[in-house]
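Residue numbers (my numbering), protein chains in the order written: chain G, 1 to 517; chain D, 1 to 401.
Any given hint might turn out to be false.
[What the hints assert, rightly or not] Straight-line alpha carbon distances no greater than 20 Å define the calculated SDA-like cross-link-like pairs of lysine to any residue that follow:
#	chain 1	residue 1	chain 2	residue 2
1	G	LYS372	D	VAL268
2	G	LYS207	G	HIS181
3	G	LYS19	G	PRO56
4	G	LYS140	G	ALA92
5	G	LYS337	D	LYS289
6	G	LYS313	D	THR290
7	D	LYS211	G	GLY390
8	G	LYS325	G	GLY342
9	D	LYS289	G	PHE377
10	G	LYS337	D	LYS291
[Claimed, not checked] Sample of chain D residues at the chain G side, in silico, Cβ under 8 Å:
#	residue
11	ARG266
12	VAL268
13	TYR274
14	ALA275
15	ALA282
16	GLY287
Read the hints as simulated data drawn from the structure, not as lab findings. In this text, a Cβ means the ideal position worked out from N, Cα and C, and glycines have one as well.
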Amino acid sequence: MTTNILEMQGITKTFPGVKALQNVSLGVKRGHVHAICGENGAGKSTLMKVLSGVYPAGSFDGQIVFEDAQVDFKNINDSEAAGVVIIHQELALSPYLSIAENIFLGNEQQTNGWIDWNKTNLEAAKLLARVGLKDNPITKITDIGVGKQQLVEIAKALSKRVKLLILDEPTAALNDEDSAHLLELIKQLQSQGITSIIISHKLNEIKAIADAVTIIRDGRTIETLDMHADEISEERIIKGMVGRDLESRYPDHNPTIGEELLRVEHWNVFHPIDLSRQIITDAAISVRAGEIVGIAGLMGAGRTELAMSIFGKSYGVKISGKVFKRGVEIDTSTVPKAIRHGIAYATEDRKRYGLNLIDDITRNTSGSALGKLAGMFGFVDGHKEATIAGQYLKSLNIKAPSVDSITGKLSGGNQQKVVLSKWMYADPDVLILDEPTRGIDVGAKYEIYTIINRLADEGKGVIMISSELPELLGVCDRIYTLAEGRVTADVPRSQATAEFLMQHMTKEREKSASDHV
Amino acid sequence: MTTSNELTKPVSEARKALGYLTGQLRQVGLFLALIVIVLFFQITTHGITLRPINVSNLVIQNSYILILAIGMVMVIIAGHIDLSVGSVVAFVGAMAGVMITEWHIAWPIAIVLCLIIGALVGAWQGFWIAYFRIPAFIVTLAGMLVFRGAAQIALQNQQISPFPEAFRRLGSGFLPSFGTSGYEPLTLILGAVASIVLLFGSLRQRSVRHKYGLESEPLWYFILKLVFAVFLIVYMAFLLASYSGTPIVLVILGVLIVVYAAVMARSVFGRHVYAIGGNLNAAALSGVKTKRVTFLLFVNMGVISALAGLVFTAQLNLASPSAGSGFELDAIAAVFIGGAAVTGGIGTVTGAIIGGLIIGLLNNGMSILGVGTEYQSLIKGLVLLAAVAFDVYNKRRNGGR
Numbered sequence: 001m002t003t004n005i006l007e008m009q010g011i012t013k014t015f016p017g018v019k020a021l022q023n024v025s026l027g028v029k030r031g032h033v034h035a036i037c038g039e040n041g042a043g044k045s046t047l048m049k050v051l052s053g054v055y056p057a058g059s060f061d062g063q064i065v066f067e068d069a070q071v072d073f074k075n076i077n078d079s080e081a082a083g084v085v086i087i088h089q090e091l092a093l094s095p096y097l098s099i100a101e102n103i104f105l106g107n108e109q110q111t112n113g114w115i116d117w118n119k120t121n122l123e124a125a126k127l128l129a130r131v132g133l134k135d136n137p138i139t140k141i142t143d144i145g146v147g148k149q150q151l152v153e154i155a156k157a158l159s160k161r162v163k164l165l166i167l168d169e170p171t172a173a174l175n176d177e178d179s180a181h182l183l184e185l186i187k188q189l190q191s192q193g194i195t196s197i198i199i200s201h202k203l204n205e206i207k208a209i210a211d212a213v214t215i216i217r218d219g220r221t222i223e224t225l226d227m228h229a230d231e232i233s234e235e236r237i238i239k240g241m242v243g244r245d246l247e248s249r250y251p252d253h254n255p256t257i258g259e260e261l262l263r264v265e266h267w268n269v270f271h272p273i274d275l276s277r278q279i280i281t282d283a284a285i286s287v288r289a290g291e292i293v294g295i296a297g298l299m300g301a302g303r304t305e306l307a308m309s310i311f312g313k314s315y316g317v318k319i320s321g322k323v324f325k326r327g328v329e330i331d332t333s334t335v336p337k338a339i340r341h342g343i344a345y346a347t348e349d350r351k352r353y354g355l356n357l358i359d360d361i362t363r364n365t366s367g368s369a370l371g372k373l374a375g376m377f378g379f380v381d382g383h384k385e386a387t388i389a390g391q392y393l394k395s396l397n398i399k400a401p402s403v404d405s406i407t408g409k410l411s412g413g414n415q416q417k418v419v420l421s422k423w424m425y426a427d428p429d430v431l432i433l434d435e436p437t438r439g440i441d442v443g444a445k446y447e448i449y450t451i452i453n454r455l456a457d458e459g460k461g462v463i464m465i466s467s468e469l470p471e472l473l474g475v476c477d478r479i480y481t482l483a484e485g486r487v488t489a490d491v492p493r494s495q496a497t498a499e500f501l502m503q504h505m506t507k508e509r510e511k512s513a514s515d516h517v
Numbered sequence: 001m002t003t004s005n006e007l008t009k010p011v012s013e014a015r016k017a018l019g020y021l022t023g024q025l026r027q028v029g030l031f032l033a034l035i036v037i038v039l040f041f042q043i044t045t046h047g048i049t050l051r052p053i054n055v056s057n058l059v060i061q062n063s064y065i066l067i068l069a070i071g072m073v074m075v076i077i078a079g080h081i082d083l084s085v086g087s088v089v090a091f092v093g094a095m096a097g098v099m100i101t102e103w104h105i106a107w108p109i110a111i112v113l114c115l116i117i118g119a120l121v122g123a124w125q126g127f128w129i130a131y132f133r134i135p136a137f138i139v140t141l142a143g144m145l146v147f148r149g150a151a152q153i154a155l156q157n158q159q160i161s162p163f164p165e166a167f168r169r170l171g172s173g174f175l176p177s178f179g180t181s182g183y184e185p186l187t188l189i190l191g192a193v194a195s196i197v198l199l200f201g202s203l204r205q206r207s208v209r210h211k212y213g214l215e216s217e218p219l220w221y222f223i224l225k226l227v228f229a230v231f232l233i234v235y236m237a238f239l240l241a242s243y244s245g246t247p248i249v250l251v252i253l254g255v256l257i258v259v260y261a262a263v264m265a266r267s268v269f270g271r272h273v274y275a276i277g278g279n280l281n282a283a284a285l286s287g288v289k290t291k292r293v294t295f296l297l298f299v300n301m302g303v304i305s306a307l308a309g310l311v312f313t314a315q316l317n318l319a320s321p322s323a324g325s326g327f328e329l330d331a332i333a334a335v336f337i338g339g340a341a342v343t344g345g346i347g348t349v350t351g352a353i354i355g356g357l358i359i360g361l362l363n364n365g366m367s368i369l370g371v372g373t374e375y376q377s378l379i380k381g382l383v384l385l386a387a388v389a390f391d392v393y394n395k396r397r398n399g400g401r
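With the hints as constraints, model all of the structure from the sequences given.
Take a look at the structure:
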């Protein structure tokens with residue numbers, strides 16, 4: 001029987017007014033991959049910040065025993081010196097420095113204060129080999145994809161002689177291929193004796209690599225499941241996370257599909273900086289009233305680029321093609337024009353493109369339709385505005401103290417609901433929802449699906465972009481697949497399977513070209 | 001049970017009140033700081049600070065910084081900055097001098113032309129910032145040099161003086177007086193009207209909020225705030241009335257504050273400025289015409305700078321090539337003391353005005369006390385740092401995780 005490398009006991013952490021963690025205990029066996037699950041706001045990240053010294057010893061109650069000795073980490077340097085390294089969800093790499101420079105940032109390979117570049121690059125190359133990266137260590141971080149950046153983070157952790165690696169949502173921003181690679185790497189590191197703690201929303205990943213799962217709910221440990229001893233299903237984990245059985249992960253929906261609302265034809269888009277790169281090639285999509293249309297595609301397939309280029313040419317250059325609304329050609333060349341024609345785009349990146357995080361729910365809700373609230377002289381009716389925000393707060397079940405709450409302080413699911421209320425208030429005919437459930441816990445996802453169904457039932461056309469195939473299969477009436485900027489399939493839900501979609505999502509360009517002939 | 005409940009009730013009420021106050025810490029703190037500074041100088045200068053003549057001078061001498069602060073806070077809320085306002089003040093002052101004394105254009109027409117020049121200056125800078133996407137810092141740094149040079153060229157490195165009496169009233173004149181002795185009646189009437197408008201406006205606002213079922217600030221806080229504001233207005237009115245009456249610049253300033261506070265708090269344009277500063281990308285994807293808003297913001301700043309330039313020139317009765325140097329820094333300091341965020345998205349017109357008043361009071365009080373300019377500068381710098389440090393600390397404390 002292996003012993004515990006880490007033992008956290010009775011951890012209680014309070015913030016002004018909030019008990020974030022209450023008497024949480026966590027035991028991690030040496031050499032295990034230990035998963036931590038829980039809804040957003042359950043306290044997972046707080047627990048990891050306690051462990052890694054982001055919250056210094058003394059700012060919380062309880063004790064941490066690491067490698068059989070009680071530890072009091074005062075900061076991240078302390079924990080890293082002990083071999084505990086955390087990789088945050090938002091990668092902490094400096095974009096204009098090289099891979100090697102990033103790996104040794106704060107830990108420079110030096111002699112008397114001068115950097116030894118040969119050693120830096122040589123050591124970096126060795127570390128890169130360990131994580132399976134073949135890139136040159138002098139490559140700049142901006143020049144490699146997110147998947148590789150994640151691996152550089154791990155190489156950086158290895159350079160610190162990591163014993164316990166903590167990964168916070170490591171695959172959230174990765175496509176399936178990169179995710180698989182990353183999970184494989186974690187297993188490899190495991191065989192080299194490195195223990196990992198992985199925080200993830202993706203239950204299939206947990207099933208694939210975790211030896212044990214600890215479930216946290218509302219700041220308390222609910223249970224720890226041994227993934228080898230019991231036959232643990234995804235439903236079993238979900239039950240622990242939400243504290244109830246989800247009868248179904250997707251709400252039932254009987255669509256009433258009407259006339260065609262929006263049709264895009266011969267859509268071509270080029271990369272804004274590299275003008276020779278064609279991002280979207282001759283794409284054609286359409287959506288009818290009451291219909292939920294899915295767009296499936298791997299990362300880099302051009303899903304977001306397609307949506308944003310249609311929505312007021314917000315992405316790309318040299319855009320050509322035609323957009324028809326109810327059969328009439330329309331001009332969507334600027335965002336205000338697109339909105340006037342009844343098109344809305346809810347971004348995949350709420351924090352960067354969706355919300356004004358330092359402002360309150362009211363003003364975010366009214367953000368794209370202020371004109372509806374303005375009277376003479378362009379003044380906004382603040383009372384009506386707050387009332388409307390209050391209505392959405394209630395009808396979308398946004399969990400916030402009041403409409404005056406700052407959106408930056410809400411959880412991901414509630415932020416997403418504010419984004420949705422913003423576009424629902426704008427009252428568009430066609431809503432393009434880009435990854436509407438990314439980074440949202442299971443319970444809130446169900447609510448988002450219900451809202452999407454409700455929108456369709458009101459006669460709106462919904463286009464939903466998602467990386468999660470089960471979600472597309474569970475919610476959409478029809479699904480397009482996108483591969484390398486081309487539409488490779490258009491199937492009704494009844495005929496779609498995950499295998500079919502994946503097959504068309506991975507279709508290579510030459511092959512699809514010959515298919516079309 | 002009941003007795004203990006009755007005992008704890010006032011305690012918890014008091015705690016709730018305190019909790020509300022700490023939530024409003026920034027707003028309340030700014031006011032408290034202003035009062036503390038006033039009291040400090042009132043005591044150390046042996047009552048000179050609040051003498052009618054000094055209060056009148058305080059308003060007049062700080063008017064152009066306060067005017068600039070109104071435009072600057074809007075620019076800063078949008079996440080930009082304007083370093084050129086001091087030079088624009090000099091340039092517009094120079095043009096006013098040339099137009100009035102050399103070209104013999106009637107002064108009211110010259111004023112209009114100067115405001116148009118300000119708008120053109122703003123349009124020039126706004127074009128490069130909004131449509132050419134050069135950071136405002138660079139464009140207005142260039143503008144700082146360009147318009148300083150333009151002022152020197154216009155004046156051929158000479159000073160122009162004097163200006164017609166009527167024009168000078170813009171900077172240092174008073175509203176016509178009716179009274180012969182004692183309190184000047186027009187000022188008292190204005191004070192009374194302002195108080196009544198404020199009272200009814202606030203009450204109406206509160207009742208409408210109530211009608212819509214929206215949460216309002218606690219009644220005691222509402223009353224306290226209102227009583228304090230009315231007291232301030234009435235007290236100011238009496239002070240000014242016992243001297244020469246209402247300075248014309250105070251009227252200009254009052255109108256600007258009311259109009260711009262409303263624009264920023266309630267107009268679609270104001271909302272768009274906050275949205276751009278809070279999250280430019282999100283604003284653009286919400287259909288805000290971000291370029292046009294940014295452009296207009298700088299046009300507005302240009303007009304406001306021109307107005308400040310006219311007031312300053314009229315007050316000094318002098319158009320000088322070196323006029324207005326350092327004004328941009330005073331205006332920016334006023335905005336940040338008033339609680340605006342460097343990163344944009346946060347700030348208010350009233351905050352900037354209070355920030356400007358704090359700087360003005362420090363200048364005025366320290367001058368009366370005979371503090372050397374070297375120490376004045378040092379102290380003002382520390383006050384700016386302290387104000388922003390307080391902000392940052394406060395944000396971190398509230399920020400939780």
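Evaluation of the provided hints:
| no. | hint | verdict |
| --- | --- | --- |
| 1 | G:LYS372 with D:VAL268 | holds, 10 Å |
| 2 | G:LYS207 with G:HIS181 | holds, 16 Å |
| 3 | G:LYS19 with G:PRO56 | holds, 17 Å |
| 4 | G:LYS140 with G:ALA92 | holds, 14 Å |
| 5 | G:LYS337 with D:LYS289 | holds, 11 Å |
| 6 | G:LYS313 with D:THR290 | holds, 15 Å |
| 7 | D:LYS211 with G:GLY390 | holds, 14 Å |
| 8 | G:LYS325 with G:GLY342 | holds, 9 Å |
| 9 | D:LYS289 with G:PHE377 | holds, 18 Å |
| 10 | G:LYS337 with D:LYS291 | holds, 15 Å |
| 11 | ARG266 | holds, 5 Å |
| 12 | VAL268 | holds, 5 Å |
| 13 | TYR274 | holds, 7 Å |
| 14 | ALA275 | holds, 6 Å |
| 15 | ALA282 | holds, 5 Å |
| 16 | GLY287 | holds, 4 Å |
Hint violations for this structure: none, all hints satisfied.
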